[in-house]
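**Student:** Assemble chains X, L, Y, F and V onto chain U, guided by the hints.
Chains as they are written, first to last, in full-length UniProt numbering: chain U, 1 to 276; chain X, 1 to 276; chain L, 1 to 276; chain Y, 1 to 276; chain F, 1 to 276; chain V, 1 to 276.
For the record, the hints were derived by calculation from the structure and aren't laboratory data.
Bear in mind that the values here come from a model prediction, so they are computed numbers and not experimental data.
Residues from chain L that face chain Y, not an exhaustive set, calculated with beta carbons under 7 Å:
#1 His171
#2 Asn203
#3 Tyr245
No farther apart than 27 Å at their CA atoms in a straight line, the calculated lysine-lysine pairs in the BS3-like style are these:
#4 Lys196(X) <-> Lys8(U)
#5 Lys8(L) <-> Lys196(Y)
#6 Lys8(L) <-> Lys8(Y)
#7 Lys8(L) <-> Lys235(U)
#8 Lys12(L) <-> Lys124(L)
#9 Lys271(U) <-> Lys12(V)
#10 Lys12(Y) <-> Lys124(Y)
#11 Lys12(U) <-> Lys8(X)
#12 Lys153(Y) <-> Lys124(Y)
#13 Lys271(L) <-> Lys12(V)
#14 Lys233(L) <-> Lys124(V)
#15 Lys124(F) <-> Lys153(F)
#16 Lys196(U) <-> Lys196(Y)
#17 Lys271(Y) <-> Lys196(F)
Note that CB positions come from ideal geometry on N, CA and C, so glycine has one too.
So the chains spell out like this:
There are 6 protein chains.
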Amino acid sequence: MHLNYHRKYCGKIQAVIFDMTGTLVDFGVKANGQALQQLFSHCQIHLSPDILLAIADLPDLAQLTYLFNMEGFKSQWQQHHSSLPDEKQLEQLIMQFRTHQIEYASQQLSLPVDSKPVFQFIRKQGYKVGVCTHYCRDIASDLIPQLTEQGLKIDHWVSAVDVSQPRPAPHLALTCAVALDIMSVAACVKVDDSLKGIEEGLNAGMWTVGTAISGEYNNRSMSEWNQLSNTEKDKIRSEATLSLYRAGAHYVVDTVSDIQSCLEDIEARLKRGERP
Amino acid sequence: MHLNYHRKYCGKIQAVIFDMTGTLVDFGVKANGQALQQLFSHCQIHLSPDILLAIADLPDLAQLTYLFNMEGFKSQWQQHHSSLPDEKQLEQLIMQFRTHQIEYASQQLSLPVDSKPVFQFIRKQGYKVGVCTHYCRDIASDLIPQLTEQGLKIDHWVSAVDVSQPRPAPHLALTCAVALDIMSVAACVKVDDSLKGIEEGLNAGMWTVGTAISGEYNNRSMSEWNQLSNTEKDKIRSEATLSLYRAGAHYVVDTVSDIQSCLEDIEARLKRGERP
Amino acid sequence: MHLNYHRKYCGKIQAVIFDMTGTLVDFGVKANGQALQQLFSHCQIHLSPDILLAIADLPDLAQLTYLFNMEGFKSQWQQHHSSLPDEKQLEQLIMQFRTHQIEYASQQLSLPVDSKPVFQFIRKQGYKVGVCTHYCRDIASDLIPQLTEQGLKIDHWVSAVDVSQPRPAPHLALTCAVALDIMSVAACVKVDDSLKGIEEGLNAGMWTVGTAISGEYNNRSMSEWNQLSNTEKDKIRSEATLSLYRAGAHYVVDTVSDIQSCLEDIEARLKRGERP
Amino acid sequence: MHLNYHRKYCGKIQAVIFDMTGTLVDFGVKANGQALQQLFSHCQIHLSPDILLAIADLPDLAQLTYLFNMEGFKSQWQQHHSSLPDEKQLEQLIMQFRTHQIEYASQQLSLPVDSKPVFQFIRKQGYKVGVCTHYCRDIASDLIPQLTEQGLKIDHWVSAVDVSQPRPAPHLALTCAVALDIMSVAACVKVDDSLKGIEEGLNAGMWTVGTAISGEYNNRSMSEWNQLSNTEKDKIRSEATLSLYRAGAHYVVDTVSDIQSCLEDIEARLKRGERP
Amino acid sequence: MHLNYHRKYCGKIQAVIFDMTGTLVDFGVKANGQALQQLFSHCQIHLSPDILLAIADLPDLAQLTYLFNMEGFKSQWQQHHSSLPDEKQLEQLIMQFRTHQIEYASQQLSLPVDSKPVFQFIRKQGYKVGVCTHYCRDIASDLIPQLTEQGLKIDHWVSAVDVSQPRPAPHLALTCAVALDIMSVAACVKVDDSLKGIEEGLNAGMWTVGTAISGEYNNRSMSEWNQLSNTEKDKIRSEATLSLYRAGAHYVVDTVSDIQSCLEDIEARLKRGERP
Amino acid sequence: MHLNYHRKYCGKIQAVIFDMTGTLVDFGVKANGQALQQLFSHCQIHLSPDILLAIADLPDLAQLTYLFNMEGFKSQWQQHHSSLPDEKQLEQLIMQFRTHQIEYASQQLSLPVDSKPVFQFIRKQGYKVGVCTHYCRDIASDLIPQLTEQGLKIDHWVSAVDVSQPRPAPHLALTCAVALDIMSVAACVKVDDSLKGIEEGLNAGMWTVGTAISGEYNNRSMSEWNQLSNTEKDKIRSEATLSLYRAGAHYVVDTVSDIQSCLEDIEARLKRGERP
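With the rest of the complex left out, here is chain U (with noise of 0.2 Å):
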């Protein structure tokens, strides 16, 4: 007699893995923007959005080079320096530069005040957390122990330099599952502000959330954020919302301290054998 049997992971959630800029730390993802300017403000230089956008996501030694290709950063740098930085002269700008990206990021925790209940709830259901970033891992391993004092106890977190492909390909995600002994993918959840990220949970075969207000689709840093109108926020949320469930989010919330709620809807779902 032919029979066919469809396997079900019907366990616990095992593991949550966040994204680190704009679902954990630098609010507005504005860091290295703001990191940017200070670098160059002796000189006073303005970075414009467009040329910022632009460099955002390339590693920290590409967005100098790429400034110094520029003729008219390179003219005002030239007004205050005797010559164009010397390969070691390089190095300290991005050893500085790397100072103030902590600093601005460690400012603006993406965490609101109301986050800790949530953290205390992941460890008491067990949850291993893992993190991924595309900071390089000088600055996040600064940025870790900040997160550790807000209660977010972290078991792994893998930096982008570690993997050959960049998201939305799994390759982190995965990298930090397996580093974290998960049994099956779909028992994790990964919690992203990107909709690359999103991207990046689901091509893992994992369950995700996206964080609406947090991260790249505000751009405002918490401050900026607290001071608009409700009409202003309702739209910004809406719109943001919107894109993360188009990429395809299981759940859509406004920060990270929201999650506890689709933590919970998801342990309900693997129970009945739903899967990411």
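**Tutor:** Frame of chain U; chains X, L, Y, F and V shown alone:
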């Protein structure tokens, strides 16, 4: 208006990931036992099936240590040797053991004579090919070229020593998929002769194809198999097939040479928006 | 990477669209027949149930024409009148007929005494309310205020004379939904006592709730119904309920006063991404 | 015995409802802008893409009013005219504007040379053909005969001015379907080049087919498109295709000439009891 | 790790179970009435359709008892007989009645001339054949050989007198399936002309095929049917078809000679893991 | 208009059908072996577990015949008896054997002390209760009253001797369901401790609940079980549970006293239109 979007991968298969022992080489999963027998043949030691089974999944050194801790084995050895092997002699034994393993495994490729068309089909479709094995890296790297000769171009292989958790954890399959740069776990197919290997594939969110005749369920060499009556073959096939289906395998075939129709059916199902 | 996205409406119910006769007024769907009897009572004409059924769905003028074409009826009429009615007299007859229809229909609102809480629930939820009727516009506009008095605030109503196709075509329900400015047909609920009305709702892509006791399946006035034994009631209820379920109704209840739990269940199902 | 019956429409497609601009005419959705440029060419006014985008969806009069309220535009106009146009002159301008729109739109039918077989297929299958457009009735009725000449026999068309809500509300599609006397919304297919038009179809409970190359995503005239390299074409195609799939389109093709396989697949899915 | 396994029967059809009256014999379900007429023809008794319908489902003795309790019938009988029949005479009447039933039923096999290929197909596929009938065992055993002659090899048949509950209870179908030694109810197909027979099959967990033209919905002899115009045929067919679909039949065809495509489709659906 | 209707049973559970050995009596499925040991204890015969397993499913006479055909057994017997038993003596042995079976089975009811509430729940819900057993009718009828005493009111029981095919054929379960007059196989729940019994239920189209601790997987008496450490218990439980889930059981619990939540969940799923 609150809308939800369910994303489905509808593209082509991107990678086929094969288990090695039982699936591609060592038709009857007997090489380990034969190599041990050969290793100690000068001592007239006979190793019972029970002992062979007990140590089959241990690393090489652990297998030898296990045997030298058995009273009967020890005394038998000491009839031909003045003392138990020291560390250096153990190392030499391991080297010989591996040589025998390779010899036996490659004598018994699991590939029926008609497997070349399947490998051509895979190449023609542009699927990447991965291999996961619990052999150590030395043995595996010796066997890979023999498979290449048979027409299977392997893009990447991973050994169990590279990951922290054995099957049925998804570690090997996921590590291999990341190295193959696949974009979605749902675009991968795991081919395996063992229950644990099928589970590994399912845990990794992949499609799975079990091989019932080559591999651990049959546990006969290809020539032993060929000498069976059709009735005996049918009994073995139906029991092995049922066991692999019960593990959740999406398809079960006799050997790797039969997987083309499965791959074509998976393509059709992916196109319809089905998931593994 | 080829991806497909299945969009699901997960918002709230936006509109509840009621049938009129049998659902909201004219509990036993007997008003038409009673009005005709009354119209010709001065001639001692008795109209058999067969004749009443045959003409029930015709427009008013067609009903009268039909009768005056019947030999028996004509001779009976001519015993009390010198001639058949001319055009003007026919118009007067129609006016009287409609007056009687309104009178009988409104004497027999289909609304049990406990229907007010349901209407309050609908208003509180912010659902828009539509009505579809096969009454001509004169009759309908006389009955609407009586329903408003009972607590049902109607945002829009459509008469069968406004559309080119009768039920089970979806014309009435869709025209009403457009007039109510709903955003998705899946956000609408059609409530109807008749098989054709349920099919109209399904054809329009809407949720459907059938009423088994008020309406054409029961075909008894409310007082006739109340005098039945429980056994008789159960038999009628179970047959009517089965017929409406067989038409594809998502829910079947006794009368409109029982629909709140259906609306709540539909809300829960919409939230889970289910469709009508 | 409590039974529930889930009704499924398993019949044929009954109607195909096309959007006009971008889908059937005005390949690059540029006619509006070109018409405005032409209208004011005697004043040497150049209208920036930003301004054209801002007013593209406004009614004709509103577009002109918008321009005459812009300081720069006003002064430019006044260099060639003694005063701003009075009501009567505005009316003349609108007449000219429409003439130009028709001229440009019809110069750029979205129909590739190979679209006739599709229209023959539609006629042969007996599908009714509807058109929804946001053109005013004057322009639309001028363009319809040109489409007829191309082989598309249109049974009914509706203009946005006929309904109270613009897309993505389902008003246009539903009004058209009722006028076409379809029996079930699930038997209708909406073909559209724009995100809002796909959503309109989904909100109406219909199947949807997006056109990625003709229409608002490409925003190039057919000759501009034909001059692109294959790499450029692929980039535009894949982005437009993804956007339309993300909106929830059931199928995305290049232009209307590619929809036959979609219609055949929908027929097969309807037969299997699937719904849009 | 908590896993759940959903088992699906994916094998072949194992048995086709046919209803007898209306499906295989007695095309118009008129044999019972004709036999009664014949039985009392010497008394010039005419039995109205209403009476025939009222007693159609009663056992033979009960039918006669019913008639002899009717005043009109009794007096008619007594015009030709000195007294009402005693027990022995009743037994003789029953014997004659059955003889007439067999005569009429077999004169009207429901099998169109083109049914032999279907029976060959069934035999070739190796499906077992069962028959469920509400005839008593005497009549059924007389009709079986006639069906065999037509090419239908019947492995087992069950009479309603063998079970405690009439259709729509699943008793007959399940008893037959057990006697046919089927391994799964999902591997059985019930073919029936009546609503209750379709429900019997569904209650038994089987696939169901309804016959709309032969059987109780048509209620015409084959020659009466053949004399109808195509319009009349279409009307009858579409009403009967809809009624059987509404009962939940998976397929509806005209007569048993049309079931091959249904059986092939069921095979395809079973292979895909679908269930009745 | 072609429509299809998918009928779903949404009513209540109608019957719960229990396996006997291992599920209701004979907690460790050891009674057969113990009875044989007792039967031959006067001969000092020890029967190995292998032999006991080999004959466990044979009818009583066949078990004894098997033993007397074994050389070792025969000689052991002949040391205490002058000859092998003749037919009459065999009959006496069988009688004694059955007496011992009853004695041991009833000493080891599988019912934990807390099973009465479940039986009360079943009665209160109005579920019919069936029992399927492979015991002969003599033994079963002796054990039934003991179960009644424990609160389980049994409406009907069937013995394997009543049907032509053993489990996993659905014969026992279907025969029992027909005798219980259930209306739909989907309204039945089979409770069983063995893989074959779960398959029997699935083949019969029923819901299935496996018992992992009482029954053949544990194969320990209740007191042996109670003496295990929690670690040992967990290992046995998780292996048995996985095996029963792999067979396709809808639910797996420890013993019958844990099935109430399963029954409640099945009720909820039936109400939602789900099927076994």
